[in-house]
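If you read the sequences in order, they're chains A and B.
Per numbering that gives the first Met the number 0, the first sequence starts with residue 0, numbered consecutively.
Per numbering that gives the first Met the number 0, the second sequence starts with residue 0, numbered consecutively.
No lab work stands behind these hints, which were simulated from the structure alone.
Careful: at least some of the hints might be erroneous.
As the list makes no split between identical chains, a pair holds if one copy fits it or if it spans any two.
Stated by the list, open to error - As a list, the in silico DSS-like pairs of lysine-lysine whose alpha-carbon atoms are at most 27 Å apart:
1. K247 with K360
2. K188 with K18
3. K77 with K64
4. K180 with K360
5. K360 with K18
6. K117 with K247
7. K199 with K341
8. K341 with K201
9. K58 with K180
10. K341 with K274
11. K117 with K341
12. K360 with K117
Number of protein chains: 2
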Amino acid sequence: MESISAAEIDEYLTQLGTKAQIAKTVLRGLDTAQKNRALARAAEMLVQESERLLLANEKDYVRAKENDMAEGLLDRLKLTTARIEAMAEGLRQIATLPDPVGEVMESFDRPNGLHIEKVRVPMGVTGIIYEARPNVTADAFGLCFKTGNAVILKGGRDAFYSNQAITEVIREALEEEGIDKNAIQLMEKNDRAVTTAFMKLKEYVDVLIPRGGAGLIRSVVENSTVPVIETGTGNCHIYIDEAADLTKAVPIVINAKTQRIGVCNACESLLVHEKIAERILPALGKALLEKQVEIRGDETVREQIPEAQAATEEDYGREYLDLVLSVKTVGSLEEAIAHINKYNTGHSDAILTEDQARAQKFLREVDSACVYVNASTRFTDGFEFGFGAEIGISTQKLHARGPMGLRELTSYKYQVTGNGQVRP
Amino acid sequence: MESISAAEIDEYLTQLGTKAQIAKTVLRGLDTAQKNRALARAAEMLVQESERLLLANEKDYVRAKENDMAEGLLDRLKLTTARIEAMAEGLRQIATLPDPVGEVMESFDRPNGLHIEKVRVPMGVTGIIYEARPNVTADAFGLCFKTGNAVILKGGRDAFYSNQAITEVIREALEEEGIDKNAIQLMEKNDRAVTTAFMKLKEYVDVLIPRGGAGLIRSVVENSTVPVIETGTGNCHIYIDEAADLTKAVPIVINAKTQRIGVCNACESLLVHEKIAERILPALGKALLEKQVEIRGDETVREQIPEAQAATEEDYGREYLDLVLSVKTVGSLEEAIAHINKYNTGHSDAILTEDQARAQKFLREVDSACVYVNASTRFTDGFEFGFGAEIGISTQKLHARGPMGLRELTSYKYQVTGNGQVRP
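Just chain A, with the same shape it has in the complex (with noise of 0.2 Å):
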């Protein structure tokens, strides 16, 4: 790697930084109309430029082979005309959302006169700094652009010619819809020292969110001195209360721990409750083994499921990301809540009972995101929420938390109208 000295660090940041903010400035005088136009012309150049996309994602691949990378990473890294068309579609969906930006969210009269409304803006400018999924590329440009935000790209060196083939024709779509093209700016140099010092660059970025493992976000939440908004890791549990419906119980866990590994709303780890642990663990141990999930327990689990490792309490607190889940008895509810409020990432957890006041219980003292009564967790998505989108989801309480679309992209600003009012 060529080494770049920090005064070409600052001059690279300084251009990209004021780019966007000139760019910022265009996208916050579009209408929704301009806006959803120029996706739809994205999503057809996508399209139509389906080639030069497989071409440069050729490069990556062959590339990421060389170094031996993983088969699920390799998969994930990998474009196929099918996934350029899904790459489109998802473009053309966020056209079709309703455009969050200058939504007056509340209007009040003080008794001096003054008129205040509280209405709905851009952040300004977005960074976005992610792993090897060249998908992200358009669709951070999507739900970025859709809310008025100009887009800085920090993505992984692995998909670095994808990104930037995407990044390009992204760009001439707006070029021929006579739109700054700074809308999406990419990230070309993949020094390290520019990606942390992209993360200080407060006066020109309004937010940073960073998606991909728990490694990624730890590096921006150390060094960042621009807002960061945190996605991702979860360490999600299933609690199966004493008054659980037993029939609902094995589904729910399946579906947690095994419709998708890998992900942050999987089940990593199952609470059981000690009166019913006879009756539901042999089944559930049966249908988790089927599904070739390694089971780490304690010894009450280990009695009724023989084929169950034994969970050291490091267990307790691994996003496992594969199919492996601990399960652990308890006495109560009580230990149950207080189990998961030490363990869990703030992200998904669940309650499975029929008894309302004890799932009220749980809804409340629970500290996470998003808290289930008889569901899945695997629930905690966007999409699945109604949302139209998903940029991540916030396992923070500040701004945004949970599932995030369009209106977690923005901000507001209050508009005060006056007539001459002086403060007394």
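Use these hints to put chain B onto chain A, whose structure you have.
Chain B only, in chain A's frame:
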């Protein structure tokens, strides 16, 4: 100052954090009436214990005088019986405000039968880092307590004994009400290393709010890994448009500049359309000079106001917090907007004009928390906005922008109720 080892810092902060986490769960379980009673009790006891507070404050005051603290700061530090009564009254007022916690912000059903409620919840643990005004101690407690947040306070060294006494009295009031006194904790170690470590106490603290000068805020933004809400600095502008009603202009400018200096919503910079410079500047200059305001202007300004100094580029970016005002003439509304967006701090900016279209353009394009037409920037304030309370003025776009009242100290969670739903 005694020095303190990394291990001691870690142990001290872990203890503070753990206590706050326990208090947080207690606070979440209190109903509005319980919270209001405790606020009333704390108010009552602050007044009862005035003598104790005044004695503690005297220790701070004497030390501050010995250290040659500036007159203005000494005044902010000073407690009097009247100021203690005002602190208590602040708590009583917070008790009368509606409790935002538990509000169902949205509620919707999905086609698969899932019922989703978006419910307002406390943030959890709030950290407040502030400077030498002891009244902030009671104030920050009141706002956090009413919103169900445990608060950890780090006040300025200079007010240490005052803050300690206020905190003790409030903790005694909480104990009398049977509520975990760790709902309020004061960091009693004044070592800088402890404060820096506190900013990284991510495991225990959900949000950090710095209240103070630009240096304090910068330090928190640069060091914190806990999400921060930036408050404060205001380089506020007033632009007098060519279509301004000049009879409104002079009173508004005088009010925004001189009604109170040293506050973040005071006007620091004035822009005047060149077409009306000759008509407005002489009268305005006279009024400002009468109020002892030093004027720093461009050439046109100095022709009209001979007493004005020459403004440098640097003047336009200054938050004087003093009887100084930079004044510049501009050739167009567009130039005014561009100048403001370049030099402002995203706080409050006003246009004076009778032209609706020009007013709308200004409201839309100036990128600040609060934008005004024909009113003083001094109205950017939680009380003036009718929020009944204020924890600060946010100048960032994430989470909260502009005056922050009780609602801005809350987060939300999604409560999802099903009857066995799994994801297909």
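Verification of the supplied hints:
{"no.": "1", "hint": "K247 with K360", "result": "within (20 Å within a copy, 57 Å between copies)"}
{"no.": "2", "hint": "K188 with K18", "result": "within (16 Å within a copy, 45 Å between copies)"}
{"no.": "3", "hint": "K77 with K64", "result": "within (11 Å within a copy, 70 Å between copies)"}
{"no.": "4", "hint": "K180 with K360", "result": "between (51 Å within a copy, 24 Å between copies)"}
{"no.": "5", "hint": "K360 with K18", "result": "between (50 Å within a copy, 22 Å between copies)"}
{"no.": "6", "hint": "K117 with K247", "result": "between (45 Å within a copy, 25 Å between copies)"}
{"no.": "7", "hint": "K199 with K341", "result": "between (32 Å within a copy, 19 Å between copies)"}
{"no.": "8", "hint": "K341 with K201", "result": "between (34 Å within a copy, 14 Å between copies)"}
{"no.": "9", "hint": "K58 with K180", "result": "within (25 Å within a copy, 62 Å between copies)"}
{"no.": "10", "hint": "K341 with K274", "result": "within (23 Å within a copy, 66 Å between copies)"}
{"no.": "11", "hint": "K117 with K341", "result": "between (38 Å within a copy, 23 Å between copies)"}
{"no.": "12", "hint": "K360 with K117", "result": "between (35 Å within a copy, 16 Å between copies)"}
Every hint, counting from the list given before, is met by this structure.
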